[in-house]
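Going by my numbering, the sequence shown opens with residue 4, and the numbers climb by one from there.
Take these hints with a grain of salt, some might be off.
If you anchor each label on the Cβ, the simulated ranges turn out as follows [as the list claims (entries may be wrong)]: (1) S23 - E116: 15 to 25 Å; (2) A173 - A131: 30 to 40 Å; (3) A173 - H136: 34 to 44 Å; (4) H136 - V75: 14 to 24 Å; (5) T78 - E116: 12 to 22 Å; (6) S44 - A81: 24 to 34 Å; (7) L137 - R8: 20 to 30 Å; (8) A131 - Q108: 28 to 38 Å; (9) G190 - R110: 29 to 39 Å; (10) R65 - A114: 21 to 31 Å; (11) S44 - R65: 18 to 28 Å; (12) E140 - Q108: 15 to 25 Å; (13) G76 - A18: 15 to 25 Å; (14) A126 - S23: 25 to 35 Å.
If you're looking for bench data, these hints aren't it; they were derived computationally from the structure.
For each residue, glycine too, the CB sits at the ideal point set by N, CA and C.
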Amino acid sequence: MTGMREVRARDVGYARAGRSILAGASMAAYAGEVLVVTGPSGSGKSSLLALLAGLEAPTAGRVEVDGAPMRVGDTAMAQRMGLVLQGYGLVSVLTAAENVELVLQSRDRSASEAVDRARAALARVGMADVADHLTEELSGGQQQRVAIARALVAEPELVLADEPTAELDAANRAMVLSLLVAQARRGAVVILASHDREVADAGDRELHLLDGQLVDVAVAPLPVPVPAAAATAGVVASPPVEPGHEPAPGRPPAAAPAARPARTGWERPQGR
């Protein structure tokens, strides 16, 4: 897949109703990877995704796509994206299938192609049996899966998903995460915002949003228990990896005792 290569936020600030939400937040996400933004409720995850999608403009700094500034309301850019919003954004008086078809119709696909691809997308998220139900008749979890089908149906170059598993049970959560990871593996830029640890663990990188800024989180294995006898003998765990001596990309093996040092959100993973 050729297309979008990277999305960046450069010292982005954002305020709403006089309250600062983001302050000098910087990050980069690349084609072929799943980047997960974590943080407590109210930390600004949804605001960050809205800025990355061009739905709102930052009050400071800027968002770039392949080096070009993101412009609010850019229709051509919007058609390169697939969005999963927290409120799902579905049209309540349309069926599940019709909501998904709208995306394809906006891209000038034929009516027959839109119908076929919409139903295939719904089948991938386990919603084939309710394709003709009005979305207002669906449960929250079902609506979330329709929103995910709609976001992915046109194979977008950029996928932005806000809490994509919030309403899902374990089986559907695993299925949705598999679909989102598959988007990155085909070459899309995938950015997820979530407080779900399982979502964060499924990503290639994690950025934690705190006090308006983003910090790259090193993925560390669980600590290896020290036998009681060794502990009483004064044996201590191995020291942490020194900055500048970071292991190769990818998750460390489960037995490794040391965490990778934190990186800034600007650093591109090796080999990406």
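To see whether the hints hold, each was checked on the structure:
| no. | hint | result |
| --- | --- | --- |
| 1 | S23 - E116: 15 to 25 Å | violated, 46 Å |
| 2 | A173 - A131: 30 to 40 Å | violated, 21 Å |
| 3 | A173 - H136: 34 to 44 Å | violated, 24 Å |
| 4 | H136 - V75: 14 to 24 Å | violated, 34 Å |
| 5 | T78 - E116: 12 to 22 Å | holds, 21 Å |
| 6 | S44 - A81: 24 to 34 Å | holds, 27 Å |
| 7 | L137 - R8: 20 to 30 Å | violated, 39 Å |
| 8 | A131 - Q108: 28 to 38 Å | violated, 20 Å |
| 9 | G190 - R110: 29 to 39 Å | violated, 18 Å |
| 10 | R65 - A114: 21 to 31 Å | violated, 39 Å |
| 11 | S44 - R65: 18 to 28 Å | holds, 27 Å |
| 12 | E140 - Q108: 15 to 25 Å | holds, 22 Å |
| 13 | G76 - A18: 15 to 25 Å | holds, 20 Å |
| 14 | A126 - S23: 25 to 35 Å | violated, 44 Å |
Comparing the model with each numbered hint stated earlier shows that hints 1, 2, 3, 4, 7, 8, 9, 10 and 14 do not hold.
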